[in-house]
Amino acid sequence: MNRSTVYRSSMGLAWITYIFLYGPLVLVFLYSFVHSGTDGLSGGFTTQWYTAAIGSASIRSAFLTSLLLASGSAIIATGLGALLAYGLQRVTEKARSRASYLVYLPIIMPSIIFGISDMIFFHVINRYTGLLQAGLPTMIIAHVTFELPYTALLVYSKLRAMDPELLHAVHDLYGNTWQALRYLFLPILTPTLIGGFLLVFTLSLDDLVISFFTAGPASVTIPIYLYGAIAKKGVTPEINAIASILVLASIAISLAGTIMRRETKPS
Amino acid sequence: MLQAINRLQASRDLLDHAPKAVSRQGSIDLRNVQKVYPNGYVATEDVTLHIPGGSFFTLLGPSGCGKTTLLRIIAGFEEPSAGGVLISGRSIIGVPAYRRPVNTVFQSYVLFPHLNVYQNVEFGLRMRHMKATQRKHKVTDMLDSMQLGTLAKHFPNQLSGGQKQRVALARALVNEPELLLLDEPLSALDAKLRRELQVELLRLQKSIGTTFLFVTHDQQEAMIMSDQIGIMQQGRLQQVGKVHEVYERPKNIFVARFLGLPNIIRRESLTHTPTLPSAIRHITVHPERITFSHGAGHAAANILNGVVRERLYMGAHTDYVVAVENFPDLLVSDSSPNHRSRETGSGVRLVIQASDIVPLEG
Amino acid sequence: MGITATALSNDANRRPRVRGGYASAPGLLWIALFLVLPTFLFLPIAITSTNPYGLPALPLTLHALRAVAGFNFLGWSAANIQIIFRSLWQGVVTTIVSLIVAYPVAFFIAKSKNYIKPLLLVLIILPSWTNQVVRAYAWMELLGPNAFLSHMAVYFGWIDQDMGLYPSPLAVFIGLVYSYLPYMVIPIFAALEGLDWSLTEAAADLYAHPLRIFFQVILPQTMGGVLVGVVLVLIPSFSNYIIPELMGGNKSLMLGNLIANQFSTTPDWPYGASLSITLIFISFILLAGLKLLTKFIRMIDGPML
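Protein chains in written order, with my numbering: chain A, 318 to 584; chain B, 26 to 387; chain C, 5 to 309.
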């Protein structure tokens, strides 16, 4: 067995893996165009399910909720994360490693405990203050919490990669702290900020568990809707249609985010 | 508030004690400047220095000697732990960098990567809210005089080292500062480019008259460009003075060695010396001052017999490494054309005049 | 004069250091307020009793915690311990299979031409950006009773007619590997990228068998990446509950499902909280164990390289 056979067998396995990864999704996409009944793909193609999905009020409202949740939480998370990263960069190594426990916590925490804890927390606050009734606001808060590490880490690594003397150069050229923010950091960080925004936007769109537990009776997101529909009806072309839309949207947005971030880091 | 008042009063105290000549535009005064870092590292210790306005001053020393620290203190990126700093007679302690009439050319240029050459150069003017039309005049003039006109739209990552260097200079000088700080700006360039830029910088300084404070570890560079040099080691100023003064009469062993003066001899080895304080234990003689004896007697001079170990023909002069018993190998520099009798291995007699002996502390 | 100057300059010197650090405060406070605090509110519920609706009530008791260990009113039952071990097993098997599949794939990408590497990488990551419900759903479709794969399985006699390949432990397992495979590929790929291939060439030059080369030269140097991948896969797959819920039917109950049930279908909050404590506890042990392993590997790797 020589080197090229090693390479070729790993390539073979890789191809199988790619098929394994994409096959199911492709299938879902294909099966969103079939007529109902068990004819399968041989029965001809139709877009009836897509039109039905767009026409359904509940599905449209779920899309809207998902969109609001994702964009609202992403904006807040990007802003807070940038601040967090800036502060982390200015303190000592010791302080940074202590803060990192907090920063990484949302990523490590199993989502089910995350969701349940927040559910209880909001419930208690609501009981005693009447604020934060379970619904979009609580979902946004919870989403921001799990998105923060991502935006913060992205901005932080970009800040680290920046020449630390750049800030001194700004000061040397009569720029004060505000001007440094506006004319140095913001322009350089913009691609990272946008990339981070798109990344957590996708994460929010795809979240099920945390959304589920912090949701109110009226707040249904697409994943929640899908989950309920699948549990009730199992596999149907209609669900395939909705799922396909979600998948395509996620992929498109994530790709855009990656391209933005590629402009800043080489790997 | 109270702190601010105290600071003002202290600066005025410093001014009252300062000699009047200090107020000349662009002069620098360091008074007992000390910088100690929180971990205990002492970067500079009791540095007192006066740099006249309009001069080209170089701080010279090995890495870690504190020269860059002093530069950063003057620029405003660090505050001294103790001591006073005045620019043009005004104290700048506590004054943030963006309010000092000082501009810096950094060792790694630190050009703004997201701005093109034109925008880089106009940056300081923009921060000071100069009107756009005025900015345009100044920037285009500066770019033209630095021969950067064609590169105005280029970005830093498209420039060569020498071009980046000139952009960094332009960016600093367009603000017409009282003082320009240069932190080893030529160290990243190849030898030929370095030579060219050294001459350019010298001419530039002479023509615009801004005080240049230049930091380097290259002793040749320092000697070529400066009016005065200050040599630092381990946070202390070893010697300050005009270039030729320092070269002719180095104060101590460190300075002598750093300037490349090789002949460091124990004082007892020589019989004919000028009167020296008893604390002096070493002396040096410049290689150019040691001559070869023609045999005739020399009064009041030290005569040494030695053997030529190496002969290095340098064109304008010839260097000889001569081994003398009980002495370190001596370097003799001879610009006379007669060299037939001084091949490697031949015996020679060296003459060292008492008047050429330079005492060294330490 | 020098002394007054010292006293003044000193506080100017102390000023700039920490100020920028306060920018982190809002973000850190947010996480503390909306994750740490809620968790600390939630976990103590483990020692409360239940009211008729399953919600927490006084008096405090260790009843729920003991229930986790298997002590309920019928005496001791091994059911919970079984669930915990099954979940652990689920995590471990997923991790091992992911590792076996991921390594060659990572190897392939690492050895590909440079211009195609980013594309191959993105292709691996893309599926993980899709919704996990959709991913589980996609497999439900593929493994349903009417699907091709199920027909094949019936043909081979592995399952009965009209049964699908899902719901079943196998389906859960496939779904998990599908979800977490990319997270194993990426770190291993990163480690392979940083590899010094000249060592491999040298070994090949000395007639070493490829398998030997792999185990003695390549694998040790990529252990770091392998461990990262393990961390990224083991803990989430062990605590995952969506996929077992959708694809496992009622036969294989995992820790995650059990916890979820305590807050939806059959409410028993203290019990749910105790189970959650167990989950967190086990996760931390796994994490700590892996960290120790990393340190250990680094130590023996050091002198060898």
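Please note that a few of the clues may not be correct.
Okay, the calculated beta carbon distance ranges per label pair [said to hold, decoys possible]:
no.	chain 1	residue 1	chain 2	residue 2	range
1	A	V343	C	M156	17 to 27 Å
2	C	F44	A	S378	49 to 59 Å
3	C	Y57	A	G533	14 to 24 Å
4	B	G89	C	Y26	50 to 60 Å
5	B	Q183	A	S378	21 to 31 Å
For the record, the hints were derived by calculation from the structure and aren't laboratory data. Where a beta carbon is used, it is the ideal one built from N, C-alpha and C, also for glycine.
Q: Provide an ascending list of the numbers of those earlier hints which the structure does not satisfy.
A: 2, 4, 5
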